[in-house]
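Q: Here are the chains, one letter per residue:
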Amino acid sequence: MVARAAREIAPGMVVNLGIGLPTKVVDHLAADFPVCLHTENGLSGIGPTLPPEAANRNLIDAGGAYVSTVPGSAFFDSAVSFALVRSGRLDLTMLGAFEVAETGDLANWKIPGKFSPGAGGGIELAQKARRVIVLTTHTDRAGNPKLKAACALPITARACVNRVFTDLAVIDITPQGFALRELAEGVSIAEVTEATGAALVLPDGDVPTF
Amino acid sequence: MVARAAREIAPGMVVNLGIGLPTKVVDHLAADFPVCLHTENGLSGIGPTLPPEAANRNLIDAGGAYVSTVPGSAFFDSAVSFALVRSGRLDLTMLGAFEVAETGDLANWKIPGKFSPGAGGGIELAQKARRVIVLTTHTDRAGNPKLKAACALPITARACVNRVFTDLAVIDITPQGFALRELAEGVSIAEVTEATGAALVLPDGDVPTF
Amino acid sequence: MRLPDKTCAIEDAIARIPEGATVMVGGFGVPGTPFTLIRELVRQGQRNLTIIKNDANEKGMGIDHLIANGQVARLITTHIGLNPRAIEMLNAGHLAVEFNAQGILAERVRAGGAGLKAIVTDIGLDTELAHGKPRIEIGGQPAMVETALRADAALIHAHRADVFGNLDYVATARNFNPLMAMASDLVIAEAEAVMPLGDLAADEVHTPGPFVDHVVGLTEISEEYQVVRRQA
Amino acid sequence: MRLPDKTCAIEDAIARIPEGATVMVGGFGVPGTPFTLIRELVRQGQRNLTIIKNDANEKGMGIDHLIANGQVARLITTHIGLNPRAIEMLNAGHLAVEFNAQGILAERVRAGGAGLKAIVTDIGLDTELAHGKPRIEIGGQPAMVETALRADAALIHAHRADVFGNLDYVATARNFNPLMAMASDLVIAEAEAVMPLGDLAADEVHTPGPFVDHVVGLTEISEEYQVVRRQA
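Residue numbers (numbering that gives the first Met the number 0), protein chains in the order written: chain Y, 0 to 209; chain F, 0 to 209; chain H, 0 to 231; chain B, 0 to 231.
Any given hint could turn out to be false.
Said to hold, decoys possible - For each label pair, taking beta carbons as the anchor points, the in silico distance ranges come out as:
| # | chain 1 | residue 1 | chain 2 | residue 2 | range |
| --- | --- | --- | --- | --- | --- |
| 1 | H | ALA129 | Y | ALA149 | 11 to 21 Å |
| 2 | F | GLU184 | H | GLY138 | 53 to 63 Å |
| 3 | H | GLU136 | Y | PRO47 | 41 to 51 Å |
Stated by the list, open to error - Examples of chain Y residues toward chain H, derived with CB under 8 Å:
| # | residue |
| --- | --- |
| 4 | ASN40 |
| 5 | LEU42 |
| 6 | ALA78 |
| 7 | VAL84 |
| 8 | ARG85 |
| 9 | PRO116 |
| 10 | GLY117 |
| 11 | ALA118 |
| 12 | GLY120 |
| 13 | ILE122 |
| 14 | GLU123 |
| 15 | ALA156 |
To be verified - No more than 27 Å apart at the CA atoms, straight line, and that leaves these computed lysine-lysine pairs for DSSO-like:
| # | chain 1 | residue 1 | chain 2 | residue 2 |
| --- | --- | --- | --- | --- |
| 16 | Y | LYS109 | Y | LYS23 |
| 17 | F | LYS113 | B | LYS132 |
| 18 | F | LYS147 | F | LYS109 |
| 19 | B | LYS58 | F | LYS113 |
| 20 | Y | LYS113 | H | LYS132 |
| 21 | Y | LYS109 | Y | LYS147 |
| 22 | H | LYS58 | Y | LYS113 |
| 23 | Y | LYS23 | Y | LYS147 |
| 24 | Y | LYS109 | H | LYS58 |
| 25 | F | LYS23 | F | LYS147 |
| 26 | F | LYS109 | B | LYS58 |
| 27 | B | LYS132 | F | LYS109 |
| 28 | H | LYS132 | B | LYS132 |
| 29 | H | LYS132 | Y | LYS109 |
Worth flagging that the hints you see were computed from the coordinates, not collected in a lab. The beta carbon of each residue, even a glycine, is placed where N, CA and C say it ideally should be.
All chains, full assembly: derive it from the sequences and hints.
A: Structure representation (structure tokens):
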């Protein structure tokens, strides 16, 4: 799933990888792949994550990991960092999710009464990146679908998600709702349909496997 | 008059000197006087004006003069430059004027149908500097008063001028209107009253001379 | 002309912050947090503060000392997920927290620093962060007004300062520092090194000196900056 | 990962600007004006342009070539006092000119670059520049809405660029360049020197590479930069 998601990154893109699963996508890119990774705390051109003994106390990503630079990196303040996001210079972001609606609504910042740490930069990434990809388990720990007809939780942004990668499938948000594009190896269409909380548009013909 | 105006600059101030007469004020400051001169095209810490053979093609003030830096100068973009002006970090500006009203209104950017080059940075300097001083001849070339009950020309900013230095006098803008503070050497109160287009509040006792 | 010297003892600089003040604090996570200035504010004990900061640091670190010491009445922030004490106090009603989208907090602070009254944005229009904010149409599209933020004081952590208050920052320790250094009536910068005039190149200054009121040289670097060994 | 190379032939970069485009042009007076890119735009001859620039340069210099060549329909600016041709054409009704307060033009451009819809300010409220602009109250005080500006293309003059498009500027040649380099769909930067990746220090970059589309290395410096001997 993470390896498959990495193939969404086209040469030349500026990409922001959210905290959690998305961060691991970078491990699946070739060393000379032409891409610029952005982190909202003020860096374009993220280099490899460093172990504590090699870390620079002043150089972290937005998730607090100690990262490095590459030749051509630039540092900037938080206003410029989000200027880049809001003005259309961020080609792609990959985010985690609590819920994704068939309309592309995303909820990933607040579970009322339970967990309310604040949205951080998530709203702007979801609302303004040119392409928004969600990486998530298909269901939550209790087995309830995370892909639903509508979000029950407070939303992060409306109609923002383009594609969802889960442990079971690759699903696009289309004007017709969720559309199945690919299946994880060994997973059946019935299993995906069962685990999805809204109608799933099936493709004509075979479904490719990843 | 210019020498007298220079005494308005207190130690530690950040000061913007407008094009024309105000620029000459700097010649009357001691070499070690603690002051920071700002120019709106992006420099704090203006140093002496340079002759063409010593000039840097990339280093001008807002009037196009070739200037220099001092130890501790900083360059910045036009947004930061006016951020400094609008957010209250500019202690004093000295500007030229077409007309000054007894309410402190200033007109110095447009003579309709005749001369309309645009206001440049003048509106923000006049409206937001903590203290606005005008340096001007007391009358125009035709002998008409430049200090008036109200401005006839399009205004730059309302109620912004604190003090006016002319070839005849030093005049404050007060809640009672124009108030005479000092006379140029050899000038009588009657001459100033005659050349002023509004009532002039006279001080009790002697009027100092500059 | 020469540029004035703004170096200042930390006690005198922080003593200018009154009870009930609104205080901006730089930093995003650890980098750029003015730990030494915060410690002095804890020592002096001004209460009823409104703190504007990207995050609430972690428990036992940075502004958490102010929160633990009961000095903070209100926090304007974007994310407090790494500080369980702050979350607990929020949930218990002991700390008022106003959440902002991160880039909007940055722009609201910058707007204050730029002498603007507000910005107009569509960020968060469909979220609960929009509640109570004035709506306005721009070019036929819905948007909302986010007012500018200014503070009575800003606590800034710089890499280097010259004595006039020109500052630079290093790596991701820049974050909110240059924005907050424009947006407060009293700007206090701690610097890892204080240089003579002329030692910071004019083209490489991040915060121009006219914005800064006091420069405090650090005699040692707070241990709170140390690289943290977190579990992977 | 490595950062992509954006170096480009000047003809190809400028050819992407269509007829009728809105074009931002850096510079304040001579410093920072992208004279070489302007010359190529004159050579290619795209017409009906809206130009956004602080000033109109001087007669026979910079964007005056575009005006003289009949390519400019509209100019959004702050001051055209040094260009008698532009004043004459304005007064004769042959050039539409929209005047802005200088710092407000800077903020409108920056707002476009920051993905904001508008800014709210009290600058110019009592002047004719306020005519037709929406009024709004902020904290009980009157203010007005100034919409963000974006352009189809921006022409930028940098001191140095690396091949990814990280830029720096020198002295007062910075001015509007970093703002316009954020606010356009197509950002073309000419640079006096083009460096390999890594030769611009990450802390000293003025315009981060992600904002820039094309980097054009200058083989010679336009003679229009020469120090002008004006009468005192």
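Q: Next, verify each hint and record whether it holds.
A: Taking the hints in turn, this is what the structure says about them:
Remark: the range hint 11 to 21 Å for ALA129 of chain H to ALA149 of chain Y is upheld by a beta-carbon distance near 19 Å. The hinted window of 53 to 63 Å between GLU184 of chain F and GLY138 of chain H holds, with their beta carbons roughly 60 Å apart. At roughly 46 Å, the beta carbons of GLU136 of chain H and PRO47 of chain Y sit within the given window of 41 to 51 Å. Checking ASN40 of chain Y against chain H by beta carbon gives a least distance of about 5 Å; that is within 8 Å, so the hint holds.
A hinted interface residue such as LEU42 of chain Y counts as satisfied when its beta carbon comes closer than 8 Å to some beta carbon of chain H; here the least separation is about 6 Å, so the hint holds. With a least beta-carbon distance of about 4 Å to chain H, the hint placing ALA78 of chain Y at the interface is held under the 8 Å criterion. Among the interface hints, the one on VAL84 of chain Y holds; its C-beta lies about 6 Å from the nearest C-beta in chain H, closer than the 8 Å criterion. Interface restraint check: ARG85 of chain Y against chain H, minimum CB-CB distance 6 Å, threshold 8 Å, status holds.
At about 3 Å, the closest approach between the beta carbon of PRO116 of chain Y and any beta carbon in chain H falls short of 8 Å, and the interface hint on this residue holds. About 4 Å separates the beta-carbon of GLY117 of chain Y from the nearest beta-carbon of chain H, less than 8 Å, and the hint is met. Nearest Cβ of chain H to the Cβ of ALA118 of chain Y: about 6 Å, under the 8 Å cut. The hint holds. For GLY120 of chain Y, the shortest C-beta to C-beta distance to chain H is roughly 4 Å, which falls under 8 Å, so the interface hint holds.
Checking ILE122 of chain Y against chain H by beta carbon gives a least distance of about 4 Å; that is within 8 Å, so the hint holds. Residue-level restraint check for GLU123 of chain Y holds (minimum Cβ-Cβ distance to chain H is 5 Å; threshold 8 Å). Satisfaction of the interface hint for ALA156 of chain Y is found here, the shortest Cβ-Cβ separation to chain H being roughly 7 Å, below the 8 Å cut-off. Proposed proximity of LYS109 of chain Y and LYS23 of chain Y is supported: the alpha carbons are some 23 Å apart, at most 27 Å.
Of the supplied pair hints, the one linking LYS113 of chain F and LYS132 of chain B holds, its CA atoms being roughly 25 Å apart against a limit of 27 Å. Between the alpha carbons of LYS147 of chain F and LYS109 of chain F the distance comes to roughly 17 Å, so the proposed pair stays at or under 27 Å and holds. Pair hint LYS58 of chain B plus LYS113 of chain F holds up; C-alpha atoms about 19 Å apart against a cutoff of 27 Å. Distance hint between LYS113 of chain Y and LYS132 of chain H is fulfilled; the C-alpha atoms sit about 25 Å from each other, no more than 27 Å.
Only pairs whose Cα atoms come within 27 Å are accepted, and LYS109 of chain Y paired with LYS147 of chain Y is accepted, the gap being roughly 17 Å. Between LYS58 of chain H and LYS113 of chain Y the alpha-carbon distance is near 19 Å, which keeps this suggested pair within the 27 Å criterion. Note on LYS23 of chain Y and LYS147 of chain Y: the hinted pairing holds, with a Cα-Cα distance of about 26 Å set against a maximum of 27 Å. Straight-line distance between C-alpha atoms of LYS109 of chain Y and LYS58 of chain H comes to about 21 Å, which keeps the hinted pair within the 27 Å bound.
A threshold of 27 Å between alpha carbons decides the hint, and for LYS23 of chain F with LYS147 of chain F the separation of about 26 Å falls inside it, so the pair holds. The suggested pairing of LYS109 of chain F with LYS58 of chain B holds, with an alpha-carbon distance near 21 Å, which does not exceed 27 Å. A distance of roughly 20 Å separates the Cα atoms of LYS132 of chain B and LYS109 of chain F; the hinted pair therefore holds under the 27 Å criterion. Restraint check: the Cα-Cα separation between LYS132 of chain H and LYS132 of chain B comes to about 21 Å, which is no more than 27 Å; the hinted pair holds.
Using a Cα cut-off of 27 Å, the hinted pair LYS132 of chain H and LYS109 of chain Y holds, with the two alpha carbons roughly 20 Å apart.
Hint compliance for this structure: every hint is met.
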